[in-house]
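*Asks:* The whole structure should be built from the sequences, with the hints applied where relevant.
Protein chains: 2
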Amino acid sequence: MSSNSKIFFNNKKREKYSNIAIGLNTLIFMKKHNFFAGPAVLPEIVKTKASQAALDYNNTGLSIMEISHRSNEFVAVLDNTEKYIRTILNLDDNYSVLLLTGGASTQFFMTAMNLANKNDSIGYVDTGAWSSKAIKEAKILSNVEILASSKDKNYNYIPYDYNIPESCAYVHLTSNNTIFGTQTKKWPDTDKFLVCDMSSDIFSRQIPLEKFGLIYAGAQKNAGPSGVTIVIVRKNILGKIERTLPTILKYQTHIDKKSSFNTPPVFPIYVSMLTMEWILEKGGIDEIAERNAIKAKTLYDEIDSNPLFVGTANKDDRSTMNVTFLINDPNLEQLFLDNCTKAGIVGIAGHRSVGGFRASIYNALEQESVDTLVGVMKEMAVKVG
Amino acid sequence: MSSNSKIFFNNKKREKYSNIAIGLNTLIFMKKHNFFAGPAVLPEIVKTKASQAALDYNNTGLSIMEISHRSNEFVAVLDNTEKYIRTILNLDDNYSVLLLTGGASTQFFMTAMNLANKNDSIGYVDTGAWSSKAIKEAKILSNVEILASSKDKNYNYIPYDYNIPESCAYVHLTSNNTIFGTQTKKWPDTDKFLVCDMSSDIFSRQIPLEKFGLIYAGAQKNAGPSGVTIVIVRKNILGKIERTLPTILKYQTHIDKKSSFNTPPVFPIYVSMLTMEWILEKGGIDEIAERNAIKAKTLYDEIDSNPLFVGTANKDDRSTMNVTFLINDPNLEQLFLDNCTKAGIVGIAGHRSVGGFRASIYNALEQESVDTLVGVMKEMAVKVG
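Protein sequence lines, in the order shown, are assigned to chains A and B. For the first sequence, the numbering used here begins at 78 and goes up steadily by one. For the second sequence, the numbering used here begins at 78 and goes up steadily by one.
Rather than coming from a laboratory, the hints here were simulated on the basis of the structure. Just so it is clear, the structure is predicted and the values come from calculations on it, not from any experiment. Some hints could be false.
Each pair may be met inside one copy or between any two copies, as identical chains are not told apart.
Unchecked claim - Heads up, simulated BS3-like pairs for lysine-lysine below, C-alpha to C-alpha not over 30 angstroms straight-line:
1. K228 x K108
2. K228 x K335
3. K419 x K288
4. K160 x K269
5. K126 x K419
6. K327 x K228
7. K109 x K335
*Replies:* Structure representation (structure tokens):
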């Protein structure tokens, strides 16, 4: 046993470490490796610029939080955010980009409300907790047809083998399932348009845009901080329903008012703009996707080769954003968490509904952080393996 | 004519100044006096702490925007925000405090949706543009009875002489009208509960809490930055309607989930918490109300005594938050704006729908800023009067 390994087994020493190694507010001189599932890691440059703008935006003598949303300064922020999103996704004028609030949970009902009549049928593919919540809300407003579900295996795979009835107004998918660590890799071959919750993998890879009528995403994973929701909608799918909706619940309102029907969430939008800028500076989606693939491969390779750990998702359906895994011996769970904490790793515990571990490796997470986690896993295997 | 006054009339000199005196991004070494109507001025200490937290929250090595909304750190922020609001307003357990998104514009329909059935009647007092919008949204969901309106005089007064029919489920008021510079000073004597949009004067003065069933306010005037909406609801008015609502549109959902049904707007809530902390440190509502009264008196006294200017609101109904006024000679408008800009004053133009001038003098605006504005007004009177 090396002198280092004694740390893990000498209770007295563990106690000593536990005083400084629990919670976020510890080992404050160490770089943090942020694996939170959302709100999640932001690029360093984004945090630096956001911090400056909170105090004094662009040498105006005012915080960006203190200026009118109708000032030239903020209108430019809105315009740039939209422009960057259009550039990143290569959107044409058939699509509108909206910056809203309320998160995916609001889109769960707004999509059905705006895109289907009461007697219409919407096709849903049920791939996890968030799909199920989307289905629950749609059922209040329209008919729902569950086209396929992976609930039979605790959502550890993505079902692809299903038919889409002609009666469906459209098909709703959840592209990435944060809790279960699965990700949709193939899109259905259909003439129906897709509506997709991309909260946890938007801007992480190329997508066949022409298939999508509407994409929505809470920003707090790959697109900024919490408090802003991105909606990308193909305009020709709107205006076909009979319901009378509150003004603010109509997509058309936000298209007409350029996301300023009411006061937008100024600071979250600004930070999202910075995040989009960062994506473009990194080289856009292709570069980001390549970085993401390498990070995911690094971590999955370790899970597959390390005798202590096992992945929970079907290999073909593994997410490049949320890597879910278990430790074979549950008695080692706390030790692993403690070792992670000592290495500056935070947010590695699995979702409260499933347990185990989850490493969220979104766009802004650096390879260095994945390497650090893999280092902790390797070291554990050597010491207790 | 003094040498200084030449600045105002020598076109060559004006041109020279106009190069450095237009827009926010000018005279960058001068303290700014921020009269924007919202998003609006924040206390200096709030900006400083917000800026620090955007970079590194509490020495965690992480931005507050990067931590899970279910972490102990953020749950403490949510709890403190609620606790501070309860302390400031002296709320008892009959009331819930919710931190939502979507602004007052969302509350316009959510109130009716949650508090009235389709065939119920809701009484509205129409005191301006925001009342009218609230009425428009309620009409989609229930019956609306306009109890009184000041539209006949372009909303320059608050109507108090009206009856509340027994048939009304409740009465909706807008306590302060940002665009028209009026403020409700007396509350109706009724056994119906009041629902009130207090977006622009919440936390500015004492209110008879027992009269209110629900109070809502976008935070971006007196309670923080844009992106968070405060709802204070007396629990016993809920649970009485027959509609089936999307989960996130029910107040009860947010009560049950302590404002974390979905990912809350982390940064805006944090800044609101800091703003509440600042109110308490200043001595709470009584102290704040006294400061506000002095600021308002300073400015209204100048408007009433300065021959160049005239107030637009009925004197008894003047707002202590938004002071609306005109310059008698329209030819002097641009000159006044230029002089304001040179003094570091921003956000003084009236709402785009009414023109003239509007000085928003919310809680966080310092007496010094009002004094600066009054100084510019006095100087103009001396020079052109």
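*Asks:* Run through the hints listed earlier and report the numbers of any the structure violates, in increasing order.
*Replies:* 1, 3
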